[in-house]
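Asker: Using the sequences and the hints, build the whole thing.
Line order of the protein sequences matches chains A and B.
FYI, in the working numbering the residues of the first sequence are 29 to 202.
FYI, in the working numbering the residues of the second sequence are 128 to 691.
No lab work stands behind these hints, which were simulated from the structure alone.
Honestly, I wouldn't trust all of these hints.
To be verified - Taking lysine-lysine pairs in the DSS-like style, the calculated list, with each CA pair at most 30 Å apart, reads: (1) B:LYS306 - A:LYS100; (2) B:LYS306 - A:LYS94; (3) A:LYS94 - B:LYS322; (4) A:LYS94 - B:LYS333; (5) B:LYS306 - B:LYS415; (6) B:LYS437 - A:LYS100; (7) A:LYS94 - B:LYS304; (8) B:LYS322 - B:LYS424; (9) B:LYS141 - A:LYS100; (10) A:LYS94 - B:LYS645; (11) A:LYS94 - B:LYS270; (12) B:LYS141 - B:LYS304; (13) A:LYS94 - B:LYS437; (14) B:LYS333 - B:LYS483; (15) B:LYS260 - A:LYS100; (16) A:LYS94 - B:LYS483; (17) A:LYS94 - B:LYS415; (18) B:LYS260 - B:LYS322; (19) A:LYS100 - B:LYS415; (20) A:LYS94 - B:LYS130; (21) B:LYS270 - B:LYS260; (22) B:LYS471 - A:LYS94; (23) A:LYS100 - B:LYS270.
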Amino acid sequence: MRHVISMLVENEPGVLSRVSALFSGRGFNIESLNVAESLDPTISRMTLITSGNEQIIEQIIKQLNKLVNVVKVMDLTGSDFVDREMILVRVRAEATSRAEVLRILEIFRGRVVDVSPKSYTLEITGDEKKIQAMVELLTPFGILEIVRTGKVAIMRAKKDSSHPGKVQEQKSES
Amino acid sequence: MKKTGAEIVFESLKLEGVDTVFGLPGGAVLTLYHAMGKYSEEIRHILVRHEQGAVHAADGYARSSGKVGVCIVTSGPGGTNTVTGLATACMDSVPLVVFTGQVPTMLIGNDAFQEADITGITRPCTKHNYLVKDVNDLPMIIKQAFHLARTGRPGPILVDLPKDVIAASTDFNYPSKLKMRSYNPTYHGHPGQIKRAAKLIAGAKKPLIYAGGGVILSNGSKELTTLAQKLSIPVTTTLMGLGCFPGTHPLSLGMLGMHGTFHANMAVTHCDVLIAIGARFDDRVTGKIESFSPHSKKIHIDIDPTSISKNVPVDIPIVGDARNILKTLLKYLEEEAGHDWGRKHADWNNQITGWKNNTAPQDTSCGPCIKPQYVIEKINEITQGDAIITTEVGQNQMWTAQAFKFTRPRTLLTSGGLGTMGYGFPAAIGAQVAFPDKTVIDIAGDGSIQMNIQELATAVQYNLPVKVAILNNHCLGMVRQWQQLFYEQKYIQSVFDVVPDFVKLAEAYGALGLRATKPEEVERVIRQALSTPKPVLMDFLIDQNECVYPMVPAGAALTEMLLV
Numbered sequence: 029m030r031h032v033i034s035m036l037v038e039n040e041p042g043v044l045s046r047v048s049a050l051f052s053g054r055g056f057n058i059e060s061l062n063v064a065e066s067l068d069p070t071i072s073r074m075t076l077i078t079s080g081n082e083q084i085i086e087q088i089i090k091q092l093n094k095l096v097n098v099v100k101v102m103d104l105t106g107s108d109f110v111d112r113e114m115i116l117v118r119v120r121a122e123a124t125s126r127a128e129v130l131r132i133l134e135i136f137r138g139r140v141v142d143v144s145p146k147s148y149t150l151e152i153t154g155d156e157k158k159i160q161a162m163v164e165l166l167t168p169f170g171i172l173e174i175v176r177t178g179k180v181a182i183m184r185a186k187k188d189s190s191h192p193g194k195v196q197e198q199k200s201e202s
Numbered sequence: 128m129k130k131t132g133a134e135i136v137f138e139s140l141k142l143e144g145v146d147t148v149f150g151l152p153g154g155a156v157l158t159l160y161h162a163m164g165k166y167s168e169e170i171r172h173i174l175v176r177h178e179q180g181a182v183h184a185a186d187g188y189a190r191s192s193g194k195v196g197v198c199i200v201t202s203g204p205g206g207t208n209t210v211t212g213l214a215t216a217c218m219d220s221v222p223l224v225v226f227t228g229q230v231p232t233m234l235i236g237n238d239a240f241q242e243a244d245i246t247g248i249t250r251p252c253t254k255h256n257y258l259v260k261d262v263n264d265l266p267m268i269i270k271q272a273f274h275l276a277r278t279g280r281p282g283p284i285l286v287d288l289p290k291d292v293i294a295a296s297t298d299f300n301y302p303s304k305l306k307m308r309s310y311n312p313t314y315h316g317h318p319g320q321i322k323r324a325a326k327l328i329a330g331a332k333k334p335l336i337y338a339g340g341g342v343i344l345s346n347g348s349k350e351l352t353t354l355a356q357k358l359s360i361p362v363t364t365t366l367m368g369l370g371c372f373p374g375t376h377p378l379s380l381g382m383l384g385m386h387g388t389f390h391a392n393m394a395v396t397h398c399d400v401l402i403a404i405g406a407r408f409d410d411r412v413t414g415k416i417e418s419f420s421p422h423s424k425k426i427h428i429d430i431d432p433t434s435i436s437k438n439v440p441v442d443i444p445i446v447g448d449a450r451n452i453l454k455t456l457l458k459y460l461e462e463e464a465g466h467d468w469g470r471k472h473a474d475w476n477n478q479i480t481g482w483k484n485n486t487a488p489q490d491t492s493c494g495p496c497i498k499p500q501y502v503i504e505k506i507n508e509i510t511q512g513d514a515i516i517t518t519e520v521g522q523n524q525m526w527t528a529q530a531f532k533f534t535r536p537r538t539l540l541t542s543g544g545l546g547t548m549g550y551g552f553p554a555a556i557g558a559q560v561a562f563p564d565k566t567v568i569d570i571a572g573d574g575s576i577q578m579n580i581q582e583l584a585t586a587v588q589y590n591l592p593v594k595v596a597i598l599n600n601h602c603l604g605m606v607r608q609w610q611q612l613f614y615e616q617k618y619i620q621s622v623f624d625v626v627p628d629f630v631k632l633a634e635a636y637g638a639l640g641l642r643a644t645k646p647e648e649v650e651r652v653i654r655q656a657l658s659t660p661k662p663v664l665m666d667f668l669i670d671q672n673e674c675v676y677p678m679v680p681a682g683a684a685l686t687e688m689l690l691v
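Answerer: Okay, structure coming up:
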């Protein structure tokens, strides 16, 4: 099963390589990985998509927690969260299809970020289903290039409390 | 007061209570060695002949004494030569701090002379590592390095020191406190979990303790022994756990696993509650996972959460320090009134004794050839078990684990996890440095002793009276054994056509060399070696066909043992 793991790490050189080396060294799989500074400039947020059975995911979370530079690890899967991905797509746009491409883009609330006589470059943000639907609709026009960010995710705020979500730490089981 | 980075290293070492370092100088650490001159009264430097020897020696020093072992090596090849030692220490949870030289900061990444990305290389085989980029960060990094090395699940830390950083100066203030928001090992087990464990143990009919190196690391041998004795629970240990429970105790079943005793493997297969303490269900212990201890509920006490349910699903995990948890567990069990534990577990212990008596004891008597087990038993007998034993890896290691009765923790130093040939001799040097008056013996094979033989010069230079017992079968014995049993008896590249004359070799280094070719010479050689106050190589010519038994073939169940 796919899991969205969100973690806070020390904003230091080498942290990304510790995380990625952990995955390659132990035979875990990274489907996508996204890193950027968090509100606290000494801490970065990593959003990581991985897959595996329960036992593998448990090991991944424990092993990540064991890394000295990792401050906190949360498995968002199973809790209420919002995730988004952005793509930049260069799609062929001939005289006959230009209007149709723009119409689809409008439905998906995307934007045109670059125009050339024969193509548009589009920016679309959404969850996985939306992105996939957009890509499928654009394919017949001819996709020239596509760049994806990988997912970022955030826990939904609870309506009745300020609980930030379930924090999966290894200690919880003992 | 202003100090250079090099001086800061030694000032910090002093404050961390370090009085011994192992190392070998080179271009990038000359500034460090220059500064060392000022500290020679307080910090003793043991000059090794190869950086791998430095790390293994520091490792032997750490395992035998419980202190942090420290090394200093140069950049590039100096650093890369430490990799095997770091991986060895990492697998066996040994606290080390290794300082490597590095090219000046501005040259990093330029493929400079003797440059290697040592923090990149050692990331997977250290607990953590640092590249120091600013002399102002140095005191805090050293403080953290020692803290990380010795706390939680201990392990090796590498600190990479660029040449300009150790030459630069700053005000020296060693931090008195340390807070790491991302590192908080758990020491006290969850009381609820410990209570559940106590209930499970109290209800068990056939409980078994499976103890590993974690018991030794947490200094929990006394607590373990008390628990086992009070409740009459039999104890089997891993290779790393040998010595945490007296091997001579009636409740001791010896080692379990691939080369474990018949009764230990039968007990682990038939027990109804398995209490794993500071052990990690390694493949050499479990054999085929599906048939490992199939009827038991499992309690697992370990300080490293990643060890829990990694290989074998566990019913009651308890994360924390083994010694603390054992104390609490014992307290809860003592509150369980009305148990006559001895009587309750009598049937179970009798069943185990039955298994024990049903196995023909290993024939260790010698024919015309010397039996390796006989050599080890003689060493055990003559030293009365009062020795620090190190081993290399292979048959010598397994024969030692089986034949020597370890009664105290930190008396067996062996590379259990990584299985590093060449570990034992430098580790013995480190142990001898830590305990100058103790008998330290490396039980070696002729293959592995050649992997760090150069450290004979170190032993001679510092007059460290380390003894090496080479069980010489002119081959890579364990490789040959596998070829005999599983590879159609085709001994491809495992037999040595040339083996050095170890007696002459010892003499060439200024040590003493002794040889026994017949069983009746063994005792004389051991006695002479032990009464010689300098390093001695003992060359015991043994039968090439001698194998380590019992043996569970790789991937088989623990009950599928080859006994002869």
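Asker: All the hints need checking, so say for each whether the structure fits it.
Answerer: Cross-check of the supplied hints:
1. B:LYS306 - A:LYS100: holds, 16 Å
2. B:LYS306 - A:LYS94: holds, 16 Å
3. A:LYS94 - B:LYS322: holds, 26 Å
4. A:LYS94 - B:LYS333: Status violated; Cα separation ~35 Å.
5. B:LYS306 - B:LYS415: violated, 43 Å
6. B:LYS437 - A:LYS100: holds, 21 Å
7. A:LYS94 - B:LYS304: holds, 22 Å
8. B:LYS322 - B:LYS424: holds, 15 Å
9. B:LYS141 - A:LYS100: violated, 34 Å
10. A:LYS94 - B:LYS645: Violated, because 53 Å separates the two Cα atoms, which is more than 30 Å.
11. A:LYS94 - B:LYS270: Given pair A:LYS94, B:LYS270 holds - Cα atoms ~19 Å apart, limit 30 Å.
12. B:LYS141 - B:LYS304: holds, 16 Å
13. A:LYS94 - B:LYS437: OK: A:LYS94 and B:LYS437 at ~14 Å, within 30 Å.
14. B:LYS333 - B:LYS483: This hinted pair holds, its Cα atoms lying about 16 Å apart.
15. B:LYS260 - A:LYS100: holds, 26 Å
16. A:LYS94 - B:LYS483: violated, 41 Å
17. A:LYS94 - B:LYS415: Given pair A:LYS94, B:LYS415 holds - Cα atoms ~28 Å apart, limit 30 Å.
18. B:LYS260 - B:LYS322: Measuring from Cα to Cα gives roughly 49 Å; hence the hint is violated.
19. A:LYS100 - B:LYS415: Not OK: A:LYS100 and B:LYS415 at ~35 Å, beyond 30 Å, violated.
20. A:LYS94 - B:LYS130: violated, 34 Å
21. B:LYS270 - B:LYS260: holds, 16 Å
22. B:LYS471 - A:LYS94: violated, 41 Å
23. A:LYS100 - B:LYS270: Holds. A:LYS100 to B:LYS270 sits at ~23 Å (cutoff 30 Å).
In the structure shown, a violation is registered for the earlier hints numbered 4, 5, 9, 10, 16, 18, 19, 20 and 22, in ascending order.
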